[in-house]
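Novice: Sequence:
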Amino acid sequence: MESYLDEAYERLRDTGPERNGWLSNHAPMAAEVLTRRGHGATVHRWLDEYGDQLESRPRGIDRIQQEAWRDPLGDPVRAGDWLNFFETEVREAPWRQVLATWWPRLLPGIAAGATHGVIRVGHAVRSLADEETPARALELAHGLAYWAARWQPLAPAGQGPYRSRDPRSALDAVPRVADQRFGIRHRLAQLAATDRWTEAAGAIPGTGTAQERLASITEASVLRYATHGHGSPIMLVHAATAPNAVLRTMPELPERLWQPSLEAAWAATAAVTAAYSPREPRPAPSSEDVSPAEVMSRAVSGGDEHAIKFVDTVIDFASSPGTLDAGLHAVRLIEGD
209 MESYLDEAYE RLRDTGPERN GWLSNHAPMA AEVLTRRGHG ATVHRWLDEY GDQLESRPRG
269 IDRIQQEAWR DPLGDPVRAG DWLNFFETEV REAPWRQVLA TWWPRLLPGI AAGATHGVIR
329 VGHAVRSLAD EETPARALEL AHGLAYWAAR WQPLAPAGQG PYRSRDPRSA LDAVPRVADQ
389 RFGIRHRLAQ LAATDRWTEA AGAIPGTGTA QERLASITEA SVLRYATHGH GSPIMLVHAA
449 TAPNAVLRTM PELPERLWQP SLEAAWAATA AVTAAYSPRE PRPAPSSEDV SPAEVMSRAV
509 SGGDEHAIKF VDTVIDFASS PGTLDAGLHA VRLIEGD
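Residues in the sequence shown are numbered consecutively from 209, following the numbering used here.
Please keep in mind that the hints were generated in silico from the structure rather than gathered at the bench. Glycine included, each C-beta is placed from N, C-alpha and C at the ideal position. It is possible that part of the hints are untrue.
What the hints assert, rightly or not - Have a look at the derived ranges for each label pair, beta carbon to beta carbon: (1) 227 x 268: 45 to 51 Å; (2) 529 x 366: 33 to 39 Å; (3) 498 x 222: 22 to 28 Å; (4) 498 x 275: 35 to 41 Å; (5) 366 x 387: 19 to 25 Å; (6) 529 x 312: 33 to 39 Å; (7) 296 x 493: 32 to 38 Å.
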């Protein structure tokens, strides 16, 4: 696995974090999944097919100063500067130290790049937890840089009367934004004026530790995709992949950051749910007797990066009934989208 992944990261090191305006570069994330899930031999072929969509790394404008990092935060024009900044950071300090310093700074802007900032960081952290290599540290730097350049806070959560221990009920109670005609920035901008948003975003469901609660939220998001994914087959995968990226990162963070990580991850899941859920669910698809490996193989055969990453999250919860069905349903919906 290691050589395929490091080769892929080296191949992608001079590509930009976005393409066609502000669409995310999914190649590093997909490469990490393919190598982890037994498809490393397909990585370079997959990159050959995806590579035409990629753009070159953006050039820097001005050096970001340690003491003035707040000013360029959330400024996509400074993406090249953030890349230069974080490359220096991971060269000069252990990656966990860099992560612990910047995670709480970036976490309030978890909506960055339609949550792809935190998702890319989560994949990089998982690869580094397996093995520390220069290529993986550089990928973490690029993920953090993307998150910083697109840093975007959500409408604040509140403390309302609504509470639920059941994550699925909590997701079902998230209100939909009124206008779902345009992209995610337009939709998220409506959250502050959406009735019951503050209560829903502040009502973090689940019981147990922060990691246990976040795992139950992620699993509920996977299962809910089976009946609501038709609302937006691609965008609704992020209701599960974003919190799972946080969940995978939490073991590498100081314990003091676990609770704020849970809070931000729930807010991100609720926001994507509010922005893209359909008005009505549809009956879940018929179940199939398939293994996790078979579901991943179907996603890899289709080649779509969103399906590959969603099934990767699904496999983390494969022991729960219905999760593999949700993965298969996502593959079908996305391929037909």
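Novice: With reference to the structure, classify each hint as holding or not holding.
Specialist: Against the structure, the hints come out as follows:
1. Against the hinted window of 45 to 51 Å, the Cβ-Cβ separation of residue 227 and residue 268 comes to about 19 Å, which falls outside the hint.
2. Range check, residue 529 to residue 366: Cβ separation about 34 Å, and the 33 to 39 Å hint holds.
3. Distance hint check: the CB atoms of residue 498 and residue 222 are about 39 Å apart, inconsistent with the given range 22 to 28 Å.
4. A beta carbon spacing of about 54 Å between residue 498 and residue 275 contradicts the range 35 to 41 Å that was offered as a hint.
5. At roughly 22 Å, the beta-carbon separation of residue 366 and residue 387 lies within the given 19 to 25 Å, and the hint holds.
6. Hint check: residue 529 to residue 312, Cβ distance near 36 Å, so the stated range 33 to 39 Å holds.
7. Between residue 296 and residue 493 the C-beta distance comes to about 49 Å, which lies outside the given range of 32 to 38 Å.
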